[in-house]
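Participant: Residues per chain are reported as follows:
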Amino acid sequence: MRVDTGEVFGFLGPNGAGKTTTIKLLVRLIFPDGGSARILGKSIDDVSMHQEIGYLPEQPYFYDYLTAAELLDYFARFHRLTATDRQTRVENILKKVGLETAKKIQLRKYSKGMLQRAGLAQAILHDPQVVILDEPMSGLDPLGRREVRDIILELKKEGRTVLFSTHILSDAEMLCDRVGVLVGGKLRGVGTPEEMVGIKTQGMEILFEVAEGKNLPLLAKATRTGERYRVQMPEEELYGAIEQLRAAGARILSVAQIKPTLEDFFMNLVEADRAQANAVEVSGK
Amino acid sequence: MKRSGIIEVALGVLLVSGLAGVWQLQKKIDVQRQALQEERDELVLRSPKLIKRMSLEYAPLMGALYWTRAVQYYGEKHRLQQIRQGNLELLWPLLDITTTLDPNLIVAYRFGSTFLSDAPPRGAGDPDHAVELLRRGVIANPDYWRLYQDMGNVYYFDKKDYARASEAFAEGAKNPQAAIWMKVMAAKIAAEGESLETSYFLWRDIYQTAQEPQIKKNAELHLRLVKVDLDLRELNRLANEYERRSGRRATKLSELVQAGLLPQVPADPDGYPYVLGEGGKADLNVYSPMLGEKLMNK
Amino acid sequence: MKNVWTVATNTFREAVRDRVLFNLVFFALLMMGAAILVGQISIGIEESVIVSLGLTAISVIGLFIAVFIGVGLVSKEMDKRTLYALLAKPVERWEFLLGKFCGLVMTLTVNTAAMAVGLYLALWTVKHTLEKSDGWILVAVYLILLKLALIVALALLFSCFTTPFLAILFTAGIYVAGVFAGDLRTVQAVDLSPATMNLLKGVSYLLPNFENFNVMGAVAHGRAVPGALVRQATLYAVVYGAVVLAAASAIFSRRNLK
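Protein chains in written order, with the numbering used here: chain A, 56 to 340; chain B, 12 to 309; chain C, 249 to 506.
Don't read these hints as lab results, they were simulated from the structure. All clues given are correct.
With a straight-line Cα cutoff of 25 Å, these simulated BS3-like cross-link-like pairs (lysine-lysine) come out:
#	chain 1	residue 1	chain 2	residue 2
1	B	LYS63	C	LYS449
2	A	LYS167	C	LYS506
3	C	LYS328	A	LYS164
4	B	LYS227	C	LYS375
5	A	LYS97	C	LYS250
6	A	LYS159	C	LYS324
7	A	LYS241	C	LYS506
8	A	LYS167	C	LYS324
A quick note: this is a predicted structure, and the numbers were derived from the prediction, not measured.
Bound-form chain A, shown alone:
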């Protein structure tokens, strides 16, 4: 498996699939039983390679007796930076992740979102060419998630390579050039998000309101919650249904594709995979 320069690559998979394990193997927190991996042309055993990579662990926890500024300064000291350079970078990165006002507060007082941002900061402080993020969106509120997405896109614009893991499909769809899908510790496939998730849609769904007593054959197939009705149909029957509703004077609230759930998606993968019997083991290969 290969991640190209300048790509945003997503590791997708349900919990326990081995995404974190794979990432930990890459940053040498865990050692492989066999096989090899290289980052930027250097073996993962080469410590000097770590100058060029940034890593954000899953659910990060940092030294709670330090402030954000102190933490970043501490981590920055392991890289070859001059003192002034270090200071400037710390200042800039704190602004970038929005922690400037909190930089003198000890990390033990930080919310989860702030910790995640601090973690992101230490991962990109030294302008690494490769950024590896383990579940960077976890625990964040929608605003926080958007900020992280923006940062990842900015990194991509700067020409950096980003590898991140997630179990949220929509994030992968929005950000990744390519994704790798891990299920049960095995890599089930690599490709663009559309390729991977490209299962035929299961139909269309209409949400509507209609007055009482209207004669509507559609109602037979609909589920009702209060005033609202929800009905599903194959794609080809969509316009017919809309005509029906329009004739009945119904108020159409939304029309949407029925997206497969994550379980469906992975279930299908497993079945398709069995048919192919072409699995690639992920233990450092």
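Chains B and C: place on chain A using the hints.
Facilitator: Chains B and C only, in chain A's frame:
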């Protein structure tokens, strides 16, 4: 607001009265336990080696603790004048433990040599253990020649073994810093054995040089008694001289003064003048506390 | 080497911000005050008691710090996973370990120095003067510090491959065993075979002989400590410590951090 204030005050009162109650209860319990006559002279752990092991690296500190205990143990018994034969039996174990834990605690050896070997009511009357203690002391502290002095005293006064006493003084005299008299004493005791002059000299040196107050006091006591013996001996000698000159036995010391044998009637260490008692023998004044002291310390 | 210093200074900073350490030092100073009182009731050995009690306090409190915080140096980082981001930096695992070691030893040095000052203050309070012979106390404190450094190394070693609780147990156990190592060499038991005796002797040489660093008896009575002993004890601590740290590094370098 007021409600919580009242609750706080109530809690405070409860706390204080609770503690006061506990205090009173403890007093009552103490009385009960006293009534049970619990023997407080207990040395639960006796093995010096075991205690040393248990002290890990902190043996000298434990040694200081046991030393303190030994001093308190002796001091209490002495204060209550309860020292009799056989009831100072914890002194040796305590000093044994002390010196095992801290072999360099000189004062423990000196204290032990005095109060282990001296007879009741002043000490335990156990000179053999005193010697054992001192032997250990000189091995651990070869430079401290006064331990030999103590050893000599024990052999001389309490064991009456003049040969060994002389050896001890001679051994101590080998130390270049030792007092000159050590060598002299070694020879004197080897030649004469016990004598009042020797006894007086030895006690006086302890009295003058000892720093530990109880040892000093003990030496003072002995010194006074020997002084009395010396005085009485001298007075008897003069009385005999009077008889030789005048042909009859004097009945009062003033007669000896008149005969020019004494400048004045001498007094004992407490200031009471000596008298001539029955058969014209010199004796202490009836009112003198030294009489009682002499009786108690025979 | 720069990385080692970076980790060391941060470890020191962490210790300084940990209020527990201050409480311990305060407690030690309290002990010094108590020593003055105890000295009053022990006739003839006032100074000796102050020195003994003071050195004991320094030794015992230092021991607690070395064992509990020593074990926590690595365990805490692994439990709380603060370690993960750090190891992704260009820093070797052995540099991290050595840095942690140095940081705690620096902390211990500052603590024991503070307590030694307290001890001298207690002596001054009682004697109203300080003599040359009191200088040996510093030598005793130095040797205690060597001992503590060795214990930190052992604590690090154990915490690299067992749980914190077991690491504390093992470290404390080795401390006690090490104190008796000298006795083990001269053990006289009637019914032991020569092979067993030799085995015990061998073990006694391999255990850390902590009695090497104990000069409390001499110093409490104002006696000198031979320079040769100080030099040899230092060498012993350095060599033994290096061996232990090397083993710890080797183990830690291959450890999977789940």
